[in-house]
Amino acid sequence: MARTLLAIYPNSPRRYDEMLTAKGDVRPHWEKFLNHLDSVAPEEMRRRIEFAEQRIQENGVTYNVYADPNGADRPWSLDPLPLIIPPDEWAEVSAAVAQRATLLNAILADLYGEQTLLAEGLLPPALVYGQHGYLWPCRGIKPPGGVWLHHYAVDLARSPNGRWWVIADRTQAPSGAGYALENRLVISRVFPEMFRDLRVQHVADFFRDQLDGLTALAPVEGDEQPHMVLLTPGPYNETYFEHAYLARYLGFPLVEGQDLTVRGDTVYLKTLRGLKRVHVILRRQDDAYCDPLELRGESALGIPGLVNVARAGRVVIANALGSGLLASGALMGFLPAICRHLLGEKLAMPSVATWWCGEKPALDYVKENFDDLVIKPAYPTQMMDPIFGNELKGEARADMLRRIEARPHAYVAQEVINLSQAPTWSRAHERRLLARPVGLRAYAVTTPDGYSVMPGGLARVTTGAGTRIISMQRGGASKDAWVLTNGPVSQFSMLKPSVSVRDLVRAGANLSSRVVENLFWLGRYSERFDDSARMLRVALSRVVVGGGQKTPVVVWAMELARRLGVLPEIGEDTEIKEGSEHELLEAIYDPAQPGGLASNIRSLMWSATHVRERLSLDHWHSLNRLQRDQQAALKVHPTLTEAIAFLDRVLGVSSSLTGFAMDNMTRDDGWRFLIVGRRLERLSFLAMTVAHFLRMPSSRCGGSLEWLLELSDSIITYRSRYSRQPELLPVIDLLVFDDSNPHGVIFQASVLMRYLDRMARELGVNFGEGLAAALDRLHQFDLERLENLEFDSSEDCAPCEELADLLQGLDRAASQLSAALGMRYFTHVGDVSRQTMAV
Amino acid sequence: MTPVRYRVLHETRYDYGSLVSLSQQQLHLSPRVLEWQQVEEQRIDIEPVPTWRRDGRDAFGNPVTWVAFHAPHEMLFIRSMMTVAVTPHLPKVLEDSLPWEEVRDRLAYDATDPLPEDLDATRFLFESPHVRIKHELAAYAADCFPPDRPILVGAKALMAKIFREFTFDPEATTVSTPVLEVLENKRGVCQDFAHLMIACLRAMGLAARYVSGYLLTRPPPGKPRLIGADASHAWVSVYAPGSQQGGSDWVDFDPTNDLLPDTEHITLAFGRDFSDISPLRGIILGGGGTEPDVAVTVVPLDEEEIPEEMLDEPDSEADEA
Chain A
1 MARTLLAIYP
11 NSPRRYDEML
21 TAKGDVRPHW
31 EKFLNHLDSV
41 APEEMRRRIE
51 FAEQRIQENG
61 VTYNVYADPN
71 GADRPWSLDP
81 LPLIIPPDEW
91 AEVSAAVAQR
101 ATLLNAILAD
111 LYGEQTLLAE
121 GLLPPALVYG
131 QHGYLWPCRG
141 IKPPGGVWLH
151 HYAVDLARSP
161 NGRWWVIADR
171 TQAPSGAGYA
181 LENRLVISRV
191 FPEMFRDLRV
201 QHVADFFRDQ
211 LDGLTALAPV
221 EGDEQPHMVL
231 LTPGPYNETY
241 FEHAYLARYL
251 GFPLVEGQDL
261 TVRGDTVYLK
271 TLRGLKRVHV
281 ILRRQDDAYC
291 DPLELRGESA
301 LGIPGLVNVA
311 RAGRVVIANA
321 LGSGLLASGA
331 LMGFLPAICR
341 HLLGEKLAMP
351 SVATWWCGEK
361 PALDYVKENF
371 DDLVIKPAYP
381 TQMMDPIFGN
391 ELKGEARADM
401 LRRIEARPHA
411 YVAQEVINLS
421 QAPTWSRAHE
431 RRLLARPVGL
441 RAYAVTTPDG
451 YSVMPGGLAR
461 VTTGAGTRII
471 SMQRGGASKD
481 AWVLTNGPVS
491 QFSMLKPSVS
501 VRDLVRAGAN
511 LSSRVVENLF
521 WLGRYSERFD
531 DSARMLRVAL
541 SRVVVGGGQK
551 TPVVVWAMEL
561 ARRLGVLPEI
571 GEDTEIKEGS
581 EHELLEAIYD
591 PAQPGGLASN
601 IRSLMWSATH
611 VRERLSLDHW
621 HSLNRLQRDQ
631 QAALKVHPTL
641 TEAIAFLDRV
651 LGVSSSLTGF
661 AMDNMTRDDG
671 WRFLIVGRRL
681 ERLSFLAMTV
691 AHFLRMPSSR
701 CGGSLEWLLE
711 LSDSIITYRS
721 RYSRQPELLP
731 VIDLLVFDDS
741 NPHGVIFQAS
751 VLMRYLDRMA
761 RELGVNFGEG
771 LAAALDRLHQ
781 FDLERLENLE
791 FDSSEDCAPC
801 EELADLLQGL
811 DRAASQLSAA
821 LGMRYFTHVG
831 DVSRQTMAV
Chain B
1 MTPVRYRVLH
11 ETRYDYGSLV
21 SLSQQQLHLS
31 PRVLEWQQVE
41 EQRIDIEPVP
51 TWRRDGRDAF
61 GNPVTWVAFH
71 APHEMLFIRS
81 MMTVAVTPHL
91 PKVLEDSLPW
101 EEVRDRLAYD
111 ATDPLPEDLD
121 ATRFLFESPH
131 VRIKHELAAY
141 AADCFPPDRP
151 ILVGAKALMA
161 KIFREFTFDP
171 EATTVSTPVL
181 EVLENKRGVC
191 QDFAHLMIAC
201 LRAMGLAARY
211 VSGYLLTRPP
221 PGKPRLIGAD
231 ASHAWVSVYA
241 PGSQQGGSDW
251 VDFDPTNDLL
261 PDTEHITLAF
271 GRDFSDISPL
281 RGIILGGGGT
291 EPDVAVTVVP
301 LDEEEIPEEM
311 LDEPDSEADE
321 A
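Chains A and B are the protein sequences, given in the same order.
My numbering applies: residue 1 is where the first sequence begins, and numbers increase by one.
My numbering applies: residue 1 is where the second sequence begins, and numbers increase by one.
The hints are simulated quantities; they were obtained by calculation from the structure and are not laboratory data.
C-beta atoms are modelled at their ideal positions from N, C-alpha and C, and glycine is treated no differently.
Among the hints, a few may not be true.
Only pairs whose alpha carbons sit at most 27 Å apart, straight line, appear in this in silico BS3-like list of lysine-lysine [what the hints assert, rightly or not]:
| # | chain 1 | residue 1 | chain 2 | residue 2 |
| --- | --- | --- | --- | --- |
| 1 | B | Lys-134 | A | Lys-360 |
| 2 | B | Lys-161 | B | Lys-92 |
| 3 | B | Lys-134 | B | Lys-156 |
| 4 | B | Lys-156 | B | Lys-223 |
| 5 | B | Lys-161 | B | Lys-186 |
| 6 | A | Lys-360 | A | Lys-376 |
| 7 | A | Lys-393 | A | Lys-367 |
| 8 | A | Lys-376 | B | Lys-134 |
| 9 | B | Lys-92 | B | Lys-134 |
| 10 | B | Lys-134 | A | Lys-367 |
| 11 | A | Lys-393 | A | Lys-376 |
| 12 | A | Lys-393 | B | Lys-156 |
A few chain B residues that don't get close to chain A, going by computed Cβ distances all over 12 Å [unchecked claim]:
| # | residue |
| --- | --- |
| 13 | Pro-3 |
| 14 | Arg-53 |
| 15 | Val-93 |
| 16 | Pro-114 |
| 17 | Lys-156 |
| 18 | Ala-157 |
| 19 | Phe-166 |
| 20 | Asp-169 |
| 21 | Glu-184 |
| 22 | Leu-216 |
| 23 | Val-299 |
| 24 | Pro-300 |
Same shape as in the complex, but just chain A:
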C-alpha cells in the first residue's frame, strides 16, 4: 500500500512521527486517510488543491506581513493534508488545556486581587511588578463573573517520546481561531468523503460556546439584549482578516476604538441613530492601548475612560485588561506548584523545561548548558527573537551572556524540543509526501460550565525540514487539525442557528458611524472608478482609431479628461508631447497618478477593507480580482489593446459590484448611505462632464457628441430613439433632462432626492434643500433655446454657457450635501482625542 506516497518520506528516529510508528508502520488513525490519498488520481488531487488555493485567494484570506491598502498582504498558506488526532489522545489534551485555562484565570484573579501567590513566594515579584503587562490601574478590578480569561490559546508540541508539551501560552488576544475555522471550511471540501467517514468533530460548537459564555457574563439590565462588539486595531493589523471574518461569523459589529465612547461608567457604540450601550467587547487590541486616560496615554487607538467602565463592572472585556501578563514564558517553571496551591490538582500537561534566569541556580544552569537551550525574553513586551544557544559563537555569544548576567530577570531559557513531524503535500514531487515539523495551537473559551476546548485547532508546519521556529510571520504553512470521535458528530452549524422570535434582528439599528462613513465612500469610489474607466476607455479607443494621430477628437477627449481630473493638470508652458498613449496608460495603471483609475481602485479597496465584514463573499471576490488584475499589469508593459481589454474587464467588475449592491445588500441605513454616495458621485460626474463639454471650444469638432453619449453609456438609447447622427438638442435632452435615463442628470438628482427624503423621515434631518433648489433652477431652463443651434460652428453660445452654469450649480449642491452628511453623521477619522498633562 501507499508505497509511492511514502517513497521519499523520511522516518527520523530523532522525531516522533504523527503518521508512522517507529518501525515505519502506518498508525491506525491514519490508515483510512492514507489509503484514500493513494486512491485519488493525480489530476483529481491537482484539481482539489487548485480549488483550495482559489478559495483562499478569493476569500481574501490573508496574513498581513506588511499590510498596505494596495495589497502587500500575503495569502494564507494552507497545506491540504490535515493533522489527524485520535479520540483518546485528544481527550487528554483537551482536559489538560481546559485545566490550564482554569489555572491561568485563577492566577489572574489572584494577581489583580489578593496576591497570595506573591505573599507565599510561589511567584517572583519580578514576573508581576517587573512586567509592563501588569496594568496597575486594573489592580482591584473584579470583572463580571470573576472571569479574566475568556479565550485562551496554547501552543503545543510533541516531543520524541510522543508526549504533548506546552510551548507557549497566549492570554492577551489570542489569534488564529478564525483561520482554523476557514481552514476547516476549505479542507472539509477538499476531502469531503474522508471528513464524513472518519467522523471528524466539528468546530462550530466551539464558537457557539464562546457566544454562550459571553452572553452569560454580559452585565445586562432589565430586558436589554446583550450588545457585543469585536474591537480591532484596524486594517493594518497582521490578523485583520480574522477580525473581520470572526465578526461576520459571530454576528458582532466590527469596531475600532473611535467607534466606542465612554459616558460616565458606561461604554457606548456611536451609531447613526445615537449612542447604543455595549455590554461585551471581544478585544483584538492589546490591553495597554485600550484606554489612553489611565493606560498608555500616547495611544490614539483606545477608548478614553474604559478602565472606569471596567471598574464599575459595567462591561465584559474579553480578555480582561491586564491578562497579557501571563504570556511570559518565565512563568512556566512556577506553574506546577501554583496549580497545586490554587486548584489542589497536579498540572496535567507539562510545559517545556524552562529556566527563569532571575533565580541564581537557574542562571548557573543556563550558563553551563547554553548550547542545549533557546533563550527568550521573560517579558512578552520585550522585542526579541528566540536565540538558539548553539548557533551563537565567539563575540556574539559572550555578548549575549553578558546581557543575561546584567539583567538576569529579563531572560528565560528553554530546552530545545525536537518537534514531531507530519506529512505535507508536495507540489514539486507528484504523489510524494514530505515530512515537516509540526505544532498545534489549541483554543479554549469560557462557558458557564467551565472551559470548552475547540476540537482541533490551528496546526502549523515549518517551511523546511530543519527549520526550528514555527511562525506564520516567517512564511510557515498551516494545516487543518482533525480530531476524530468514537461518538456521534455534532451537526450544529453557526450558519443556521435556531433563533427565537425574541432574537430577531431587523436591519441595521446598530450601524456604527464609522461603518456608515466607509460605506458612503465605498459608494463614491465605486462610481468614481467606473467613471474614470469609462473615460479612459473612450479616450484610448479614439487614440487607437486615429492610429496615434492627434485628431481633434483626441485633443478634445484628453482635455476633458484633464478638466475632470482623470488626467493630471498641465501647466501653461508644458507642451502635450506625442505620448498621449503613454499618459493614458499611466492613468490606467499607475496608482501614484491621482485621479487615475489605479488610484481610484486603491481608494475603493481601502474603503472596502474597512467594511469588509459587511460585504458578501462574492462581492469581495470581485474586488479582489480587480485589484489582482491591476497589480499584475503593473509588472508587464501592457499594449494599448491589452489596456482596452483590461478596461473592459474593469467595467464588467463594476457592473457586478452595482449588482451586488442592488441585489444582495440589506436595505438598512448603511446601504442607503452607500447608494447616496454612488448617486452623488454620478450626479457630479455627469453634470460636470456636460458642463465642460458645453464650455470647451475644442468640443466643436465632429464626433464629440457621439463620444459624450458613449461616455455616459447612453449611445444605445440614443440610437434606438433617433436613428441619426447625434445632434446637440436631443443629446442634451437625453443626458440632462430625460428623467427615464439612468445616465441622465435629472434622473440621478431625482433618485438622490428620494433617498434624502427617506433619510429625512427616518433620521429626522433634511439635507436635500440645497439640491432641490439647484434642481428647480435647472428645470426652468428652456430647451427650445438649443433648437437650430449650429453647435460645431458656434464659438459663442450664450444658452450653452447658461446651461453649464446651472449644471455646475448642481455639482456644487452635491458637494455641499456630501460635506453636510459628513458633519452630521461621520466619525471624522482625523478628529482624534489628545492627551493633556499638568503638573
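Since the structure of chain A is provided, determine the placement of chain B on it from the hints.
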C-alpha cells in the same frame, strides 16, 4: 514634636482656545495621610461643573478623582485647596541603617515567602514607564555604594552627587525626556532628578518610589527659598527597613535641593514614577492650545498674615486666574 500646619492652593487652568466637546480627567490632587502627615481639610473645586465624577483610591493607595465633561466648553479650571499638618520625621542617625547589600538581598526572590514589608517594597523595585534600569545608571551610582555602607548614607551620597553634577534647567527637558538622556546632558527639573535617582537606586537592586507634593512658597526669615516652590514638586523615597522611628520603612530624599525632607515638604501622592500620579492627566476631543497655567501657593498657618487671595471665594478667583 509640634506639627507645622499649612494651607496649600493648587490651581490649574486650561484655555483651549476653541471648543472641547468631550473631556475626561484624572486628578491626583488630594493629599494622602501619612504617619507624619495629617489632612485637616481638603476640597477640589472645578469649573465647569463636571457631568460625572468619581472619587476613589488608586492601586498605590493615593486618593484619586475622575471627572468627565460631556458638554462643550472652552476652558477648564481646577482648584485644589488643602490644610495639612506635618510632623518632624527625620531619621535620627543615617549611619544606623542596614548595609545596602542586606536590603538588596532581602528584596531578591529566593522561593520562600517574603516579609510583608519587603514584598510591598518590590512594587518599587523594577522598571516603570519613566524609569529604565540600565547598567549606565548602576555605574553612575556605584561610588556612592561601597561595600557595607549603610543604605541611607549611600542614598545621601547619591543625592549629593546628583545635586552637585546636575544643573536645574526648566528649558532642558519635557515630561517625556528619557532618564538616560538626562544622565547624559546633566540638566533638568525636579521630576528628572527624582526619576534619575530612582533609576540609579533600582539599578542597584534597591526599592525607591516617586513622591509628588509641595514646598513652602516663601521661606522662613533667614532661610533661602527652595527650588521648585512655585509649582508642584517631586522627590524620592528610599526603602530602608527599620531605620525610621515611628514605623515607616521609607526615608525621603530631595535631590533637587540636596536635603532630607522634613516639615517643609507636603506630600500629595507616591507611585513608581510620575506616570502613576501625574497631578492632572486628561484626554480631550477638540480644543486648540493645551498648555495649562499652573499656580501653587503654600502658606504656613501659624504665620500672622494670610495672603488676601487665599481668603477669596473660589468663583471670583476663577475669573482672575
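Quiz item: Lys-161 (chain B) and Lys-92 (chain B): Cα distance at most 27 Å?
Solution: holds, 22 Å
Quiz item: Since Val-299 (chain B) was said not to touch the interface, does its Cβ keep a gap of more than 12 Å from each Cβ of chain A?
Solution: Answer for Val-299 (chain B): holds, closest chain A Cβ roughly 20 Å.
Exercise. Please work out if Lys-92 (chain B) and Lys-134 (chain B) have their alpha carbons no farther apart than 27 Å.
Key: It is violated: about 33 Å lies between the C-alpha atoms, which goes past 27 Å.
Quiz item: Taking C-beta pairs only, is Arg-53 (chain B) more than 12 Å away from all of chain A?
Solution: Per Cβ check, Arg-53 (chain B) is inside 12 Å of chain A; nearest 9 Å; violated.
Self-check item: Check on Asp-169 (chain B) being off the interface with chain A, judged by Cβ distance over 12 Å
Solution: Check passes; 16 Å lies beyond 12 Å.
Practice problem: Measuring Cβ to Cβ, find out whether Pro-114 (chain B) lies farther than 12 Å from everything in chain A. | Solution: Pro-114 (chain B) not clear of chain A: closest Cβ-Cβ about 6 Å, inside 12 Å.
Quiz item: CA of Lys-134 (chain B) to CA of Lys-156 (chain B), is that 27 Å or under?
Solution: Holds, at roughly 21 Å.
Quiz item: Between Lys-134 (chain B) and Lys-360 (chain A), is the straight-line Cα distance small enough, at 27 Å or below?
Solution: holds, 20 Å
Quiz item: Per the stated criterion, does the least C-beta distance between Val-93 (chain B) and chain A lie above 12 Å, as a non-interface residue requires?
Solution: holds, 30 Å
Exercise. Classify the label on Glu-184 (chain B) as holds or violated, using whether its beta-carbon is more than 12 Å from each beta-carbon of chain A.
Key: Holds: least Cβ distance 19 Å, greater than 12 Å.
Quiz prompt | Hinted pair Lys-360 (chain A) and Lys-376 (chain A), Cα distance within 27 Å | solution = holds, 17 Å
Self-check item: 27 Å Cα cutoff - pair Lys-376 (chain A), Lys-134 (chain B)
Solution: Status holds; Cα separation ~19 Å.
Figure legend: structure checked against the earlier numbered hints; hints not met, in rising order: 9, 12, 14 and 16.
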